[in-house]
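Peer 1: Sequence:
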Amino acid sequence: MAPNNTSSTDAKSPTNRNVEHVVLGDLLFKTWYQSIYPEELVSKDTDRLYVCRWCFRYSCDVDLYAKHTRSCENQATPLGTKVYDHGGYSVWEVDGGDHKLFAQNLSLFAKLFVDHKSVFFDVATFLFYILTFTDPEDPVNYYILGYFSKEKLSWDANNLACILIFPPYQHKQLGKLLMGVSYKLSDWEREGGLIGGPEKPLSEMGHKSYVRFWEERMSRHLLRPSPDSNSDEPGQQKQRTPKGSRKRAPFTCMTVQDIGLATGMLTEDVITALKGMEVIESDSGNKKRKSSGETSNGDGPTVTIWKSNVLEWAKDHRVTLQDPVREEGFLGKIASNNIDEGDEDDEGQDTESPEEDE
0 MAPNNTSSTD AKSPTNRNVE HVVLGDLLFK TWYQSIYPEE LVSKDTDRLY VCRWCFRYSC
60 DVDLYAKHTR SCENQATPLG TKVYDHGGYS VWEVDGGDHK LFAQNLSLFA KLFVDHKSVF
120 FDVATFLFYI LTFTDPEDPV NYYILGYFSK EKLSWDANNL ACILIFPPYQ HKQLGKLLMG
180 VSYKLSDWER EGGLIGGPEK PLSEMGHKSY VRFWEERMSR HLLRPSPDSN SDEPGQQKQR
240 TPKGSRKRAP FTCMTVQDIG LATGMLTEDV ITALKGMEVI ESDSGNKKRK SSGETSNGDG
300 PTVTIWKSNV LEWAKDHRVT LQDPVREEGF LGKIASNNID EGDEDDEGQD TESPEEDE
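In terms of numbering that gives the first Met the number 0, the sequence shown opens at residue 0 and continues consecutively.
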């Protein structure tokens, strides 16, 4: 996959870095922050650190690095189990307990570009989801573009702990892809699944990225077309009112909990997204409007959402109705769940990070 020609380091002001540049495969780029590499292996004023693009083992010696890359055991295929595969992009689940050295080296590398997260060496309690790309015209090579991690057991309903798209591959909407995968893998659509969100507090960039992701997720849910619609663009949606029938109200009345249950999002994140989109208004003192809209008996605050405003927001932000995460791309248990849902609902499945996509 071709790296982004626009340097992602332009907006950064790195200070107190122990590594000035990294070489990842055949790519050379600047670091942003300091990472706690062992000082006996990486000095405090290292100009260039060589990192294997398959296993993230590192060296300051170019000859040792070259020798390792010729025989790296991960060169042919990534570690872990493939859980998603679509359009050349794949996501692999790596258990930190089974592949401790890989997880620790990945965490050390990621810390060079993530300021607000600490490196955890007790990686056994985490799962790592590695995003790779394989060019159909070059199927023998794969490229690791980024990853996200999450705790195996989270008491705070976190579906993601840390996320990073590596600088050369940023600004390609890949962060949103990983965010979408993190929600799907929490299995919120099934009984016993988890409705959650990213670990908080978020960094400034993380908050910005997630708000945009939530807003797009909300717009797709609220503007979801009918099963027989082939439109992918919000601007192409057309509603027809049968002759002699009453025109449907251009708003929907529902609770934020209803929306959360439909999208796998926490109610606080639903409210953040809807406020950012400016598509809601208070229902207090407006009984007429409330009675004519679509109502819900769910718990939680009730909001009136103007679909015309959602449509306008989606058009202004060029949001397509097609989710970047494709249902048919999931493998294993999640894929089985999709098949079960399809059998029940016989409708076709229509099918971006804290430091990277904005």
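No lab work stands behind these hints, which were simulated from the structure alone.
Small disclaimer: the values here were computed from a predicted structure and weren't measured.
Honestly, I wouldn't trust all of these hints.
[Stated by the list, open to error] Straight-line C-alpha distance at most 20 Å; calculated SDA-like pairs for lysine to any residue: (1) Lys-151 x Glu-92; (2) Lys-306 x Arg-325; (3) Lys-171 x Lys-43; (4) Lys-171 x Gln-321; (5) Lys-171 x Arg-47; (6) Lys-332 x Glu-150; (7) Lys-199 x Leu-265; (8) Lys-66 x Gly-87; (9) Lys-99 x His-85; (10) Lys-274 x Lys-332; (11) Lys-306 x Glu-277; (12) Lys-43 x Lys-66; (13) Lys-29 x His-115.
Peer 1: If you check each hint against the structure, which ones fail?
Peer 2: Checked against the structure, the hints that fail are numbers 2, 3, 5, 8, 9, 10 and 12, while the rest are satisfied.
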